[in-house]
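2 protein chains.
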Amino acid sequence: MKPVAVDAMGGDKAPAEIVAGARQASDRLDVPVLLFGRAEAIAAVDPGGLEVVACSEVIEMHDDPGVSVRRKKDASVLRAAEAVRDGSASAMVSAGNTGAAMASALLRMGRIRGVHRPAIATPIPVPGSRPTVLLDAGANAECQPGWLVQFAQMGAAYARTRYGLDEPRVGLLSVGEEPTKGTALVKDAHALLADPAWSATSGGRFVGNVEGRDVMTDEVDVVVTDGFTGNVVLKTLEGGMRFVERALLEAMTATEELRAAFEVLWPAVLPLVTDLDPDSYGGAMLLGVDGVCIISHGSSSANAIVNALDVAREMVTADLVGILRAAVSPPLVPSA
Amino acid sequence: MKPVAVDAMGGDKAPAEIVAGARQASDRLDVPVLLFGRAEAIAAVDPGGLEVVACSEVIEMHDDPGVSVRRKKDASVLRAAEAVRDGSASAMVSAGNTGAAMASALLRMGRIRGVHRPAIATPIPVPGSRPTVLLDAGANAECQPGWLVQFAQMGAAYARTRYGLDEPRVGLLSVGEEPTKGTALVKDAHALLADPAWSATSGGRFVGNVEGRDVMTDEVDVVVTDGFTGNVVLKTLEGGMRFVERALLEAMTATEELRAAFEVLWPAVLPLVTDLDPDSYGGAMLLGVDGVCIISHGSSSANAIVNALDVAREMVTADLVGILRAAVSPPLVPSA
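If you read the protein sequences in the order shown, they are chains A and B.
To convert, count from 1 in the first sequence and add 1105; that's this note's numbering.
To convert, count from 1 in the second sequence and add 1105; that's this note's numbering.
Worth flagging that the hints you see were computed from the coordinates, not collected in a lab.
Be aware that one or more of the hints could be misleading.
Heads up, the list lumps identical chains together, so a pair's fine if it works in one copy or across two of them.
The calculated DSS-like cross-link candidates involving lysine-lysine, where the alpha carbons are at most 27 Å apart (straight line), are [unchecked claim]: (1) Lys1292 with Lys1107; (2) Lys1292 with Lys1178; (3) Lys1286 with Lys1107; (4) Lys1118 with Lys1286; (5) Lys1118 with Lys1292; (6) Lys1286 with Lys1178.
None of the values given here were measured: they were computed from a predicted structure.
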């Protein structure tokens, strides 16, 4: 397998944690890796024997994605996407500016034929069960009904490939179970999804509208929504989980006596905390571009990068892009 | 003060828990109460000395709100709203069908002059701090920018009245801090809110866009959004919290040894669990109708009803409706 192109400069903890994660994935999991970034910065954090492709520019977290991908032609994230297009890499991983990673993948790899809009598919942890795949988690703030149908197709194909599900249950995020509830977008998308024709190519099964409270349950495998709502859901959950975790930890370690009791419980609680940690899931997948593109959380640790590289290899090996191509083709809904 | 009209038939645990809560609020807090519902059903759960207004019909949780408020003229929730309009009650509380409670309040009390659309304002728990007021939490799936400005005005006025804040910080829910992010609705609403003119009558202060992760923090006092996104946020948080709580409790009580340690921690954790319980907050407020209308959670226990009645009395005494009338008048944005 061709190496996975890693944007060594992207992320709050770049390049140190990114490079450390890439080394671990290479050493422990034998994932082939190519690092993209400033040579000195990468050398300073010891890339071991990993090959480095020197890039002179970096797109920072606060940079405007659209502007910077046009101006910074030698940016690490853009060069990583180029490597996938040129066939020198099999996939790309970036924990940097999400918009820039999306724009780089779109500009350099292009879309899979027939795809209206690529979407970000993010695994939402469901401790004790498989994660729920939420898409679009932020690529397209405003969507059309036909795009949501393709999100359903791509999400179902992804859930089959990644989690080995036979017939993923696909829900449409709304504010009630009734098809008459929600926005015009949701009602129109519901009508399209209710016709099982969409699922013939992807193997998904529409289970109707789901609500926010269903996302973290094993009632549904794929949740489809527009990128605005999806991003709000993702960040609301992240914020809420972190808040509850921190508040609980503070309450349970406030005194010596409590701390002693908590130490007994910690080993039992740790797996749950790990399950809820986005670093455990290998990041989000940009579905619909013509290549495997993983966009990891900005706060990614080395461990998150290891998981992302593991998933990247798995999806390359399984030919996720070929599976997506078949899932959305022939286009079942008119391009809008 | 005139009594608070309580829809004794509304809620998953009606009438038993509703009536029990009404009795407690009357006995312990001296809140005057009028119960609306089927005489026999209420008598069967012992209303004590509370006055009962017999109504022959009930709007069930699964009933279509629009249809049922037209057909069931003698429904308890509709009669409760009528009592407020007629001046025989000072406020209404219902834990029943949310759509029916909204429709009843709108039809019978009408809107405050100048209000485009009433909105549901829901307190989101922020343990260790005041709740964040989220609106619209579900009344209007699709909104116009000017409505969001009024939600900001009403939300700020409510936060001042209910939580005694001098200058509530109002955030607009989006997917990034930059005014250029989000949907057309959010961008247009941002432009309107950035002009401080809107806040002159309500005393709020616009702090810009906020994200899902900010809702459960004390970075913001009022979060404004459309009713679709608001409802999804609310239900996502409810589901996520409940899930984490249950998973943690299960993990921490899986063996005898763990259970013993957990018993030491429980008193320290309990206040947090209480803080996160929606029953602690007295329910959501329908802002913009011409009367105090509290819509409690469908799962409301007696305790939730006690809190709702306490809040109802407080808001009547503080003249919330008069304060809202001043906050949205004169209309600063053209009616759309």
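So, going through the hints one by one against the coordinates:
| no. | hint | verdict |
| --- | --- | --- |
| 1 | Lys1292 with Lys1107 | neither (44 Å within a copy, 43 Å between copies) |
| 2 | Lys1292 with Lys1178 | neither (42 Å within a copy, 30 Å between copies) |
| 3 | Lys1286 with Lys1107 | neither (47 Å within a copy, 36 Å between copies) |
| 4 | Lys1118 with Lys1286 | between (43 Å within a copy, 25 Å between copies) |
| 5 | Lys1118 with Lys1292 | neither (42 Å within a copy, 31 Å between copies) |
| 6 | Lys1286 with Lys1178 | between (46 Å within a copy, 24 Å between copies) |
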